[in-house]
Amino acid sequence: MRTLGICDIGLAQDTSHALHSMLKILDGRATASWRQAPIEAADVLIARPGSRPDLIADWNKQGRPVVLLVDDSSEQPPSPFVLRHPLRVMPLLGVLDLIAEQWSDDPRRVQDPRASWTAAESIRSLTEGGAGGWHVARTPGSHEIWVRDGHAHAAASTFDRLRGNALTTGRFSPATSAPPTGLAHMSLQDLGWFIGLHGPAGLAPWLSRDVSYSLRRWPDFGRLGASPETIELSAITAAQARTPVELADLSRCHADVVHRFLTATSLAGLLAVRQPAAIPAAAPRQGAWTRLVGDLRRHLGLFT
Amino acid sequence: MSRTSNSRVSREAAQKVLQSYRDVLGVQCAVLFSADGFELASYAADDAASARLAAIGSSLAALGSAISSEAGLDACERTTIESKGGTVTIMRVGDDGDMSLAVVAGRNAVLGQLLWATKRCCQALLDNIHT
Amino acid sequence: MTRAEDAEFKIVFTGPMGAGKTTAIAAISEVEPVRTEVDNSDRESHGKELTTVGFDFGRITLPGGHSVRLYGTPGQARFRFMWNILGRGAAGAIILLDATRADALEQLDLFVDAFVPLLPPGAIVIGVGRSTESGALGSDVFAARLEARGILAPVLTIDARKPHDVRMLVHTLTCILESRTPLGACA
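Taken in order, these protein sequences are the chains called D, S and H.
First residue of the first sequence: 13, per this note's numbering; consecutive thereafter.
First residue of the second sequence: 511, per this note's numbering; consecutive thereafter.
First residue of the third sequence: 279, per this note's numbering; consecutive thereafter.
There may be inaccurate statements among the hints.
Listed below are the simulated DSBU-like cross-link pairs for lysine-lysine, each with C-alpha atoms no more than 35 Å apart in a straight line [as the list claims (entries may be wrong)]:
1. Lys526/S to Lys629/S
2. Lys73/D to Lys36/D
3. Lys629/S to Lys594/S
4. Lys526/S to Lys440/H
5. Lys326/H to Lys629/S
Rather than coming from a laboratory, the hints here were simulated on the basis of the structure.
With these hints in hand, go ahead and build the complete structure from the sequences.
And the structure:
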């Protein structure tokens, strides 16, 4: 079994202790063997956003895995590995297993861990209004999609393939030239919809099982195309905020369909987040520690 | 609400014809209207009331035609609404359905007189049509 | 009967003149629709030859066996009394709009104001027609208008002549009816 080192950056002391305890608990149960390690010997970092920005940026550039531990469930940071405070054993195990499974022979490089999520994450970055100017994505079949200022441009046949789930695309990168003229166009939101709807079947990395999601605006099915599943899921989430599990239960839809719907609506800017009541508010350290221990016990119960 | 005046009866002539209801027992008001519910002329009804009567009357006339047709009867000539306080009668003016005449009458009206007077009005209106 | 669980229920098609209500019902009705169209004498307001002054009536059967009665209202405000008559007891309404009308947003407001009070919460679907013509407003503009009023309702781009599009509107409304909570629109 592979041994991997994890170093925590900028975590509060009790969170760091909790991490240490959880790693002990996971020993023998995870895909890899995890040890806490200093930065120089670490294979993976776990950090609070904003901690050691230069270090994190450096790791990102090298493609080395960084797990972000965020406070607010409504944050949707463009990172493949996100955990929400308070740290819990099961989500931690999920993320660590994912990293371990993607580990390539080059110890410094995790194989593009969410290769299938690349396009989606890319859309999110573009939507969040990062760099201006033209961005382009090229597909295996040499199709190109150009994006600028909230609009996507491509050959009509490329868009047809996109709509018909016959196109996979990768990351959008800054373009060195401008696109050819005479291209068809659609909004960036619509592009996000199709990329999300036809993307990976799992729950998107920036979405959470613990969070209730609702629709802030209906998809225009006349323009995007309608299916009974997406209409039904829209009706349910328009009526009331639901977690992914609740959505699968209430609808007649498979979890994959639910996940893709959530990804599509999220990328299209149609999804809103409701804070679940269960997330505890900030509390004194002693109380937080007690609660973490309690959480551990509960999760162990599920675990064994 | 403005509309092009393409009715074939002049408003003045029509108003004059409707004045004959003054001599008919029990008539409270009357409104001449287009098939699509615009008031063309009226007797004893203010603007607001005649506009509403015209709209509702046109719906009733259209529904009368629809049910006559559905029932396999010939073209609807007249729709009558009977209530405790009186009646509303809507009669087609001529055969082509461009205009109808609605007459509101109290309980003291005599049905036969009312119908005869209304048929006479309709004929007078037809006579006044400029070709 | 307004509940989706009942064997039969009624849906109203409404919206301004020329938006395609009569056309839409005719496109999907399984029975020959009842129509109450007469000559339009007000060509200045709208160039259509005919206009509905009573109501349209049609019927379809949904998968699952529900029978749905379809009523189309007249579009002009002077027939507002028909909106009330037809809206009462309806399970929901489909508001058809003409995206090329200069007053399209005001028309949306007018019909939302007229029908939302008559219907169960959230039981409206907006269908926007003529969206490919020049000068047409996009569906997002109508959705934003509703959002500004705190209303969350589907705004779908459609062609009222296409049975597929009209069935999509009806299907969407029935999904809403099955999912709605007493809280209704924007939670």
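Mind checking the alpha carbons of Lys526/S and Lys629/S for me, to see if they're no more than 35 Å apart?
The hint holds at about 15 Å.
Can the restraint linking Lys629/S and Lys594/S be considered satisfied, given a maximum Cα separation of 35 Å?
Between Lys629/S and Lys594/S the Cα gap is close to 24 Å, so the pair holds against 35 Å.
With a cut-off of 35 Å on the C-alpha distance, tell me whether Lys73/D and Lys36/D pass.
holds, 30 Å
Can you confirm whether the C-alpha distance between Lys526/S and Lys440/H stays at or below 35 Å?
violated, 50 Å
Tell me if the straight-line CA distance from Lys326/H to Lys629/S falls inside 35 Å.
holds, 32 Å
Going through the hint list in order, the structure does not satisfy hint 4, though it satisfies all others.
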